[in-house]
Every structure is written in structure tokens, then in C-alpha cells.
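I would like the entire structure built from these sequences, with the hints used as guidance.
In the order they appear, the protein sequences are chains G and V.
Residues in the first sequence are numbered from 0 upward in steps of one, following numbering that gives the first Met the number 0.
Residues in the second sequence are numbered from 0 upward in steps of one, following numbering that gives the first Met the number 0.
Hints listed in this document are in silico derivations from the structure and should not be mistaken for laboratory results.
Remember, predicted model here, so these are calculated numbers, not experimental data.
Any given hint could turn out to be false.
Under the rule of at most 25 angstroms between Cα atoms (straight-line distance), these lysine to any residue pairs were calculated in the SDA-like manner [stated by the list, open to error]:
hint, chain 1, residue 1, chain 2, residue 2
1, V, K95, G, R170
2, G, K233, V, Q147
3, G, K189, V, M94
4, G, K234, V, N158
5, G, K88, V, I146
6, G, K88, V, T145
7, G, K277, V, N158
8, G, K277, V, I188
9, G, K278, V, E164
10, G, K189, V, I76
11, G, K233, V, N158
12, G, K233, V, N148
13, V, K117, G, D186
14, G, K233, V, E150
15, G, K267, V, T138
Residue-level listing of the chains:
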Amino acid sequence: MLKITPAELKNIAQYIHDISGIYLDQSKSYLFETRLSSIAEELGCTSYQALHDKAKRDPGKLIERQIIDAISTNETLFFRDNGPFELLKHKILPEVIDLRAPSSPRLKTNVKIWSAASSTGQELYSVAMTIKDLIGTKTDNFNFKLLGTDISDSAVKQASYGKYNKFEIERGLPRPTLQKHFTLFGDSWKVKDELRGMVNFRKLNLMLPFSGLGKFDIILCRNVAIYFTLADRKKLFNKLADSLADDGYLIIGSTESLTGICPRFVPKRHLRAIFYQKKN
Amino acid sequence: MTNLTILVVDDDPVIRRLLEQRLIKENYQVLLAEDGYVGNDILSGNHVDVVLTDLMMPGDIGGIEVLEFAKNLERNIEVILITAHSSVDTAVEAMKKGASDYLEKPINFTELFLRLEKISTMRSLLRSAEDLRQAMDVTESTAAETIQNLEVTAAALQNKLDLIETVLTTDSLASEDKIFDAMDILQAID
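This is the structure we're talking about:
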């Protein structure tokens, strides 16, 4: 495997931070090597500096995208960490439904949910399944709009396609849930149309402005800010507060904290999980 | 370390015998079935890692049926089909149904052992990934509990500080009252 020099490490780490916001510890040189060596070799680069130069000169930004795909962590699974989904089912969704219920049965209201680092889609589809299982066909008065965004093009692509292999399926999905919401597709499983119809995926770099997204009722931003510097984390959660409805709900990763990061959010406990709301 | 349990399903006693001897020599655990019926019986009552089955066997249960039965029973079971050259197309069809591989007759043992070796490596990788995941889950849930408690405590303390600040900066209160009120807030139990 192509070895990285200390000077290259410094430059590449800065470059990765610039294009993605991801902060990689420079003491972990193996991280750079295991994730970037195959791209370098594939492009015929004999050093990481050469890869860096080539990426910067690439007008189509194809190499940049490849680097982001390689460097971003797509570790995810259906119903990862039960807490947030129990929280949605027993607390947040019933409250949102009550709060947003239209005054007339003939009217329809939008409920907007955003998975801010949706990776390959498992989290957002898990939210969609939770909604379906909770309110079944009584969704008539509600228009659930679920948005998933991620910085990695290939992750967004897989999420949009909604197809998962047996290893991805076996992690976290109980058989009855699988049979209810997925159809067998060759050796893989594909999300059923009615679930697929509830969600949308697009590429978004959380370091850039969230223009045109509007306000959300529920935002999930789990286990992504851990890859950012403290300064970038503060900026991110401040922007998320701007994108959340005044009575909206924020869910972060179970081992994450907003103490000292964003005073605009107050933690609230329900059962064994925590969610955040804006301070009024 | 090759301790996979392999079920051999073949109606030809010579092939059964041959496979049994060679596999045992390579330290695999071997179970034998002379047809699909017995094969499915053994699958129902024993732990099997890999099924090595002939594609064409007399009776209603051929290799494809054994494959379907095994996969239905346990998704992680690996099935390798043994086929005559003429039925390669059927074998390819079987791969789509979840067979791991197929071998053409006469069996090339080097090839067979190579495939079993691969399955064995894959299994141990999957097992260590699973172990790591479980270790991560335990660490994560323990850390989550601690962090969430701290998060709630920190927010409660911040709230107290804000209240005390309000009291201390209220001009209409006498200094003594400010101290009493601030103490009240400090001593209040959440």
C-alpha cells in the first residue's frame, strides 16, 4: 500500500476538511492510506501529493467525489440504536401528529422530517417504517415528507435506489418488518414503492448553507458531527436550529452532546433517550 | 483451523465415500446423506455450515430443492452444487437462488478445498465483525447513559445559573433579598 509522508498528510487532511468538513486525525496515517491508496493507484498516482494535485485540477470534480466517498464513514444499519425509534414512536410522532392535525378532515398538512447525514438510507427508511407502522393508513390527513441528505454521491445513489444486500438487511431488520416493507429482488431486497414514495434523497455538504430546505418538524443528525471540529460543530448545530420549526424536535447520536456547542437547544428526556428542542 | 460441518448429499455411494474420506482428512466434520430426503432430515436436526449436494438425484428432491430447503432453514448456510458438465445452466440458475458455487464432475479436490477455505475465512471475518459490533454496542450504550445523564444535569445547572443571574441583576431587589433568592434557587431540588 502506498505510504503517506507527514507533509502529504498535512495537505491532504486540510484538503479533505475543505471539501467535506470531515476532520481526520493526522496521527492516524493508516486511515488515509487504507481509504485513499486504491484511488491513487487506480489513477496512476505514485504519491498522495500527486493525487491531491490531480484532484484539485480535475474540472469535473470526479476525483473529489471519489475521495469523499472513500473518506466518509457509511457505517449504518436499519433501526441503528433502538432509542431514537422508540422515541419517535411513543413520544415525538404522536406529539407532532396532535400539534399539526389539520382543523378540517378535508385539509392536509405537511410533516417534514430530515435525516441530515442519511448515508445509504437505512435511517430514513427506518423512520418511514416507524411512521407506517404507527399510523398505518391513517396518513390521509398528513403528508409526510422525508428528506435524506449526505455528502457522498454513491451513498445518496444507493439510498435512492433503496436496494440492500443480505448483509445490510440482516443487520437490524426483523423478518416480519422485512416482509412487510421490502420485496425480494434477485439476491437482494428492495424497499416497497409506498415506502420509497415517502422519501427523497439528495447530496448536501453540511458545511455549506442549507438554502431552499425550509423548516423541519423533526431533524435527525446522528453520528456525523463527531467527524467535525468543535468550531464546525457549533456552526452546524446553529444552522440546524435555524432549519428547525420553533416547536420541532432534534435527535442526535446517543453518545453525542450539545453542551457547550449550541445553547439554543435544551435536552429533554423521554424513557431512556434524549431529544432536543429550541429554547423559547 | 478448518472445523466447518459439511453435509454431503449424493446418491452415488462411491462419490459419497470419496468426499467423506478427503474432507475428514482436511479436518472438516462430515455428515452424509444418500438422497435429498435424508439430506433435509439431517439439515433439520443438525448444525450444518456447508451443504455439498449433487444437482441431479433420483426422487422429487434434487439439489435445487435441497438448496431451497437449506436456505429457508438458515440464511447463512452455504450450498455448493455438484453438477455434470451438461447441467451447468441449471447450476447458474441455482446461483441466483442463493447457491454459493458449483463444481463440475469429476470433482477437482484442489478447487473444492479452495472454496471451502474461502467460506471458512469469510465466516471468521463475519464472526469477528459481529464481535466488534457487539463490543461497540456495549461501549456505545454505556457511554450514552453517562453522556445523557451529564447532558440533562448540565442543562439543569445552566438553568439555575440563568435564574440566579436574573435575580442578581434585578435592580428592584435589595441586596439581602438577592442573596436569599439566589440561595433558594441553588438549594432547589430538580
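For a quick check of understanding: which of the numbered hints are violated here, in increasing order?
Hints that this structure does not satisfy do not exist here, as all of them hold.
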